[in-house]
Amino acid sequence: MNEWFDGVLAWHATHSHLVRAMLAGVLVAMVCGVTGCYIILRRMAFLGDAIAHAMLAGVVAGYLLMKGVFGLEANAPGMLVGSLVAGFVTVALVGFVSRLSRIKEDTAIGIMYTGVFAAGGLLASLFSSYIHLDLLHFVTGNVLAVEMVDLWMIAGVATFVLLVVILLFRPLQITSFDPVMAASLGIPVAALDYLLTTCTSLVVVSAVNIVGVILVVGFLVTPAATAYLVCDRLSRMLVVSACFAVSSFVLGFLASAWINVAPGSAVVVTSTLQFLVVLVIAPRYGLLSDWLRRRGAVPQRIVEDVLGCVLRDGSTATPIATVQAHVASAADQVQKALRGLQREGLLVVAGDAVTLTEAGQHEARRLLRAHRLWETYLERLGTPLTKLHDHAHDLEHVHDENAVDYLDDQLGHPLVDPHGAAIPEDFVHLTPGAEVPAALLREGHEATVVALGEAARGLALEVGLRLVAGPRRQDGKVWTFRLPAGRDLELSHEQADAVLVRLAKS
Amino acid sequence: MTTAPRETTSPSSATPAIEVRHLTVSYGPVPALLDVSLSIPAGQLIGVIGPNGSGKSTLIKAILGFVRPVFGEVLIFGQPAERAKGRVAYVPQRGSVDWDFPVTVREVALMGRFGRVRWWREPSAEDYRAADEALEMVRMTPYRDRQIGQLSGGQQQRVFMARAMAQGADILLLDEPFSGVDAATERAILDVLERTKAGGRTLIVVHHDLATAAEYFDMIALVKQRLYAFGPTAAVLQADLLAEVYEGRLQAFAGLVRRGKEQSP
Amino acid sequence: MRILLAIVVAAFILGSVGLYAALVSHPRSEDRSQESRRLRLVCSTTQVADFARQVVGDRWEVVSVLAAGQDPHLYEIKTGDAALVATADLCAENGWHLEGKEWMARLATMSGRPLVTCVEGVEPYQLTEGSLAVHDPHAWFSIGNARIYVKNILAAVCRIDPEHRDEYEHRTALYLEQLQQLDAWIHRQVERIEPRERVLVTSHDAFNYFCHEYGFRAAAPTGWSTGEEIGGGATPERRAQVVESIRSMGVRAIFVETSVNPKLIRVIAEEAGVRVGGELYSDSMGPPGSAGETYLGMMRENTLAIVEALR
Numbered sequence: 001m002n003e004w005f006d007g008v009l010a011w012h013a014t015h016s017h018l019v020r021a022m023l024a025g026v027l028v029a030m031v032c033g034v035t036g037c038y039i040i041l042r043r044m045a046f047l048g049d050a051i052a053h054a055m056l057a058g059v060v061a062g063y064l065l066m067k068g069v070f071g072l073e074a075n076a077p078g079m080l081v082g083s084l085v086a087g088f089v090t091v092a093l094v095g096f097v098s099r100l101s102r103i104k105e106d107t108a109i110g111i112m113y114t115g116v117f118a119a120g121g122l123l124a125s126l127f128s129s130y131i132h133l134d135l136l137h138f139v140t141g142n143v144l145a146v147e148m149v150d151l152w153m154i155a156g157v158a159t160f161v162l163l164v165v166i167l168l169f170r171p172l173q174i175t176s177f178d179p180v181m182a183a184s185l186g187i188p189v190a191a192l193d194y195l196l197t198t199c200t201s202l203v204v205v206s207a208v209n210i211v212g213v214i215l216v217v218g219f220l221v222t223p224a225a226t227a228y229l230v231c232d233r234l235s236r237m238l239v240v241s242a243c244f245a246v247s248s249f250v251l252g253f254l255a256s257a258w259i260n261v262a263p264g265s266a267v268v269v270t271s272t273l274q275f276l277v278v279l280v281i282a283p284r285y286g287l288l289s290d291w292l293r294r295r296g297a298v299p300q301r302i303v304e305d306v307l308g309c310v311l312r313d314g315s316t317a318t319p320i321a322t323v324q325a326h327v328a329s330a331a332d333q334v335q336k337a338l339r340g341l342q343r344e345g346l347l348v349v350a351g352d353a354v355t356l357t358e359a360g361q362h363e364a365r366r367l368l369r370a371h372r373l374w375e376t377y378l379e380r381l382g383t384p385l386t387k388l389h390d391h392a393h394d395l396e397h398v399h400d401e402n403a404v405d406y407l408d409d410q411l412g413h414p415l416v417d418p419h420g421a422a423i424p425e426d427f428v429h430l431t432p433g434a435e436v437p438a439a440l441l442r443e444g445h446e447a448t449v450v451a452l453g454e455a456a457r458g459l460a461l462e463v464g465l466r467l468v469a470g471p472r473r474q475d476g477k478v479w480t481f482r483l484p485a486g487r488d489l490e491l492s493h494e495q496a497d498a499v500l501v502r503l504a505k506s
Numbered sequence: 001m002t003t004a005p006r007e008t009t010s011p012s013s014a015t016p017a018i019e020v021r022h023l024t025v026s027y028g029p030v031p032a033l034l035d036v037s038l039s040i041p042a043g044q045l046i047g048v049i050g051p052n053g054s055g056k057s058t059l060i061k062a063i064l065g066f067v068r069p070v071f072g073e074v075l076i077f078g079q080p081a082e083r084a085k086g087r088v089a090y091v092p093q094r095g096s097v098d099w100d101f102p103v104t105v106r107e108v109a110l111m112g113r114f115g116r117v118r119w120w121r122e123p124s125a126e127d128y129r130a131a132d133e134a135l136e137m138v139r140m141t142p143y144r145d146r147q148i149g150q151l152s153g154g155q156q157q158r159v160f161m162a163r164a165m166a167q168g169a170d171i172l173l174l175d176e177p178f179s180g181v182d183a184a185t186e187r188a189i190l191d192v193l194e195r196t197k198a199g200g201r202t203l204i205v206v207h208h209d210l211a212t213a214a215e216y217f218d219m220i221a222l223v224k225q226r227l228y229a230f231g232p233t234a235a236v237l238q239a240d241l242l243a244e245v246y247e248g249r250l251q252a253f254a255g256l257v258r259r260g261k262e263q264s265p
Numbered sequence: 001m002r003i004l005l006a007i008v009v010a011a012f013i014l015g016s017v018g019l020y021a022a023l024v025s026h027p028r029s030e031d032r033s034q035e036s037r038r039l040r041l042v043c044s045t046t047q048v049a050d051f052a053r054q055v056v057g058d059r060w061e062v063v064s065v066l067a068a069g070q071d072p073h074l075y076e077i078k079t080g081d082a083a084l085v086a087t088a089d090l091c092a093e094n095g096w097h098l099e100g101k102e103w104m105a106r107l108a109t110m111s112g113r114p115l116v117t118c119v120e121g122v123e124p125y126q127l128t129e130g131s132l133a134v135h136d137p138h139a140w141f142s143i144g145n146a147r148i149y150v151k152n153i154l155a156a157v158c159r160i161d162p163e164h165r166d167e168y169e170h171r172t173a174l175y176l177e178q179l180q181q182l183d184a185w186i187h188r189q190v191e192r193i194e195p196r197e198r199v200l201v202t203s204h205d206a207f208n209y210f211c212h213e214y215g216f217r218a219a220a221p222t223g224w225s226t227g228e229e230i231g232g233g234a235t236p237e238r239r240a241q242v243v244e245s246i247r248s249m250g251v252r253a254i255f256v257e258t259s260v261n262p263k264l265i266r267v268i269a270e271e272a273g274v275r276v277g278g279e280l281y282s283d284s285m286g287p288p289g290s291a292g293e294t295y296l297g298m299m300r301e302n303t304l305a306i307v308e309a310l311r
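Chains as they are written, first to last, in my numbering: chain Z, 1 to 506; chain D, 1 to 265; chain F, 1 to 311.
Hints were generated in silico from the structure; no laboratory data involved.
Owing to the predicted nature of the structure, the values given are computational and were not obtained by experimental measurement.
Glycine residues also receive a C-beta, built at the ideal position from the N, C-alpha and C atoms.
Hints should not be assumed to be uniformly reliable.
[Claimed, not checked] Estimated spans, in silico, between C-beta atoms of each pair:
no., chain 1, residue 1, chain 2, residue 2, range
1, F, R2, Z, L292, 37 to 43 angstroms
2, Z, V239, F, P262, 51 to 57 angstroms
3, Z, V239, D, A234, 24 to 30 angstroms
4, F, P262, D, W99, 54 to 60 angstroms
5, Z, H391, D, G149, 27 to 33 angstroms
[What the hints assert, rightly or not] Chain F regions said to be covered by chain Z (calculated; three or more residues, Cβ under 8 angstroms):
no., segment
6, 3 to 9
7, 19 to 25
8, 81 to 88
9, 103 to 112
[What the hints assert, rightly or not] Simulated coverage check for chain Z against chain D, where a stretch passes if three residues somewhere in it have a Cβ under 8 angstroms from a Cβ of chain D:
no., segment
10, 173 to 184
11, 231 to 245
Just chain Z, with the same shape it has in the complex (with noise of 0.2 angstroms):
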């Protein structure tokens, strides 16, 4: 034991710079990554840059302080009270004049820091005299220039900033992405957001430490961004980010140790490739799933063709050779549109042929009637008969349901299309049991009323009459009906349209 215990002294004592460099900046990852989450999901990563900056103002504020007022020479404490000051007024000026003047909150921020950070060159210059401090060494910061005392003030924001995120999870939750539910519920909404404030006042101090005030924003934010990228839930976006944090933290320096360079800007720009990595690769929202979802995708107008073809070809079985001939497009196109097709439950590949089934049925039925329709609509304004069906053909892609019951509406639903083909009945809105205006009944389809519009008073029609529609007369724009007790009934478009009935189960 004693020997073990001797051992890791002795490896200490010659790494005792890597031990401390990874403690410090392990605990600082952490904290940044989980309050980072919060930044870029409050949109504050401007205001973040801000914090860091004022901090600069704070921390000469409260060397002054400290050093005028009790003789304390560069006070570890007073300077860290000094940057949460500064920080919190920045943030209430912000908000300040973003919140009274027309001055967006992006403008007032920049504004802010700018003026803050420069008052604290400015009392850094006229009090010069009195300062001992290295303002530029303040800004740049080094990880293996951490003192005992840095590291006592790391773990203890660490572990006041951890508490913070881990006990009040769910208010912090709510009240970053519903606040006005959040406040309707009785959280303090504003007393929350202040505490954020304060956490990434704290974290910005430490990390400073660690990669400078110029850089500290990126490393708040960037672990942060790539964690966004791979979840879907908050709880795991915070310990992904503190993941991504603390990795890029100790690739970062070990690679600055490797090419022997100062470790900050190895930290950040490790940070960075991590993230440029992840959005390239992230399994749902990366750029290369995306783009391979996208060149998986068949058109659409592809897939209602080879449906369409189908159809019309009629057969049981229709070889794939049939539908590659028909479909306009390339023949890869069509495998993966018979593909997505047979995912979708449409149609059955079976060997080098398919067959539709009972949705593909139907759903290639509703394209054709929509066809037909549109080919009717077309010759109805002036569209040469030869030009019809290519039209058409484009067409039949519009064939929202709306859409097409609007064309059968405004064409006196029509049972013939211009070819003489016929045009198939609205059988998605006829089907037993369903509440129907008479005009969509065929020959033979038996009803009973349900109520009479208007333009159906004074028929003799009451409501539970049954009734059975007969062929439509003078070139469609008349409906017959065979009422019981062997009454006949001739009835207008508009007449039709007023007549509500419920078709019978067959």
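Guided by the hints, dock chains D and F onto chain Z, whose structure is given.
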């Protein structure tokens, strides 16, 4: 008096779900709401309609307790609004939600329970059950673990309704749930509303479209700074009244009114 | 449940730092009997390294963290540097904030390595800014101070390796004699310049000791530090002052430095209508193979350049 709203409500014996008395809300010299009084019975599907900027949202905010009226009060089941927090649930406009937030459908429904869960505790098994039941009510169970951005418009609406229901609220306030959705989604949403109502809840919907208002709601409140009318749909949708509120021509509304009458047998 | 997690996390964080603190406070065993490698002396600047080499010869491995031409005020420590210090048997720094943010002292303290500060015992040249006095750290430019540097290093080396004390003392004695000779030589050289012309204008205020010792007046647009320390940095007043001084004193030439950006001096030279007389070694000595590689060489070259230009 021409300023008095048309008396078209039949007084009910039960405590009204929401009672608004002489509510006046003003942000400046021109009041957003002026002397609005109405008594909303429980278990109804109520539409609040009016032209843009008519104070509809202000009315909702006042009911939720988000704005302080300069005069008047709002009572929720007989209690002042501040004390009744949690009995009223708000379903926000789709545009105001951050759909990219990393949160799943189930988690959003669960949020409805946060009013009851002490912040340091995890939601209990009962909370999870309530959330799941709410999701079942709106038929969103198969999408439980989906991130909310991956849903269609209608589904998104339903998730927030589930949240409102998980809250255990008796009154739901919906802000323009039908705006920007297609016909099929509209039907789906209406279906959910009807079923929610059947469960004994009161639904108050801010709506923008006069034509559909006639079909959807049991009662309508016609608001333009003042309350012009409140009562059963057919009674409120009078051509002359609509013309006055919407400053349009009588002709335009005649057709609407007719359709409204047709739908109610 | 979450409370438990919170407690665990807090314990983990505070515990690990506490553990580390305990580890650091544990004194390190100095048993080197198994080790066969040479003792290692890690110095901050090239000047200090040179002095160290003159004292220890080949018996120790002497390493300088800074390379020739690097600015100690602005230096950012790298992982390799920290690793070097961690394995050092003795660390040597200049002192008086020459090393920005005391990076050398910090590294040595954190690794628990013995440190010798070369300026200990040196009479400081005070720079006053307002109510604050700052010690000018460029003390080695006075040969008398250089001797103190060397003696400090000797004392520290002997503490660590008393076995070879004799050897170190002999070496040091020789070197001190050489420094004495250099001092006399510089005095003779400076005689060749008219007293009126003895004005030394450089990039930053590094030559106060040299000037004080050999009777020059010093002026520089940048203060004692090229960083942002108090009294450091280039301010408009200093710069204006320098230009004015050049004109009024009729200076013949001004000088750039090897470790500082020459731009400012060149611009001032143009503005004041004087030429740039040469490049001096200031915070850093020359690269291996150059004349300025050692202290003796550096002082010699600097003197020759100055005399050549101002004579």
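Each hint tested on the structure:
1. R2(F) with L292(Z): 37 to 43 angstroms: holds, 39 angstroms
2. V239(Z) with P262(F): 51 to 57 angstroms: For P262(F) against V239(Z), whose Cβ atoms are near 53 angstroms apart, the range 51 to 57 angstroms holds.
3. V239(Z) with A234(D): 24 to 30 angstroms: violated, 57 angstroms
4. P262(F) with W99(D): 54 to 60 angstroms: holds, 58 angstroms
5. H391(Z) with G149(D): 27 to 33 angstroms: violated, 38 angstroms
6. 3 to 9: With 4 residues in contact (Cβ-Cβ under 8 angstroms with chain Z), the coverage given for the segment 3 to 9 of chain F holds.
7. 19 to 25: holds (count 4)
8. 81 to 88: holds (count 6)
9. 103 to 112: It holds: at least three residues are needed, and the segment 103 to 112 of chain F offers 7 whose Cβ sits within less than 8 angstroms of chain Z.
10. 173 to 184: Since three or more residues must qualify, the claim that chain D covers the segment 173 to 184 of chain Z holds, with 9 doing so at under 8 angstroms.
11. 231 to 245: Answer holds; 6 residues pass the 8 angstroms Cβ test.
Consistency note: the structure conflicts with the earlier hints numbered 3, 5.
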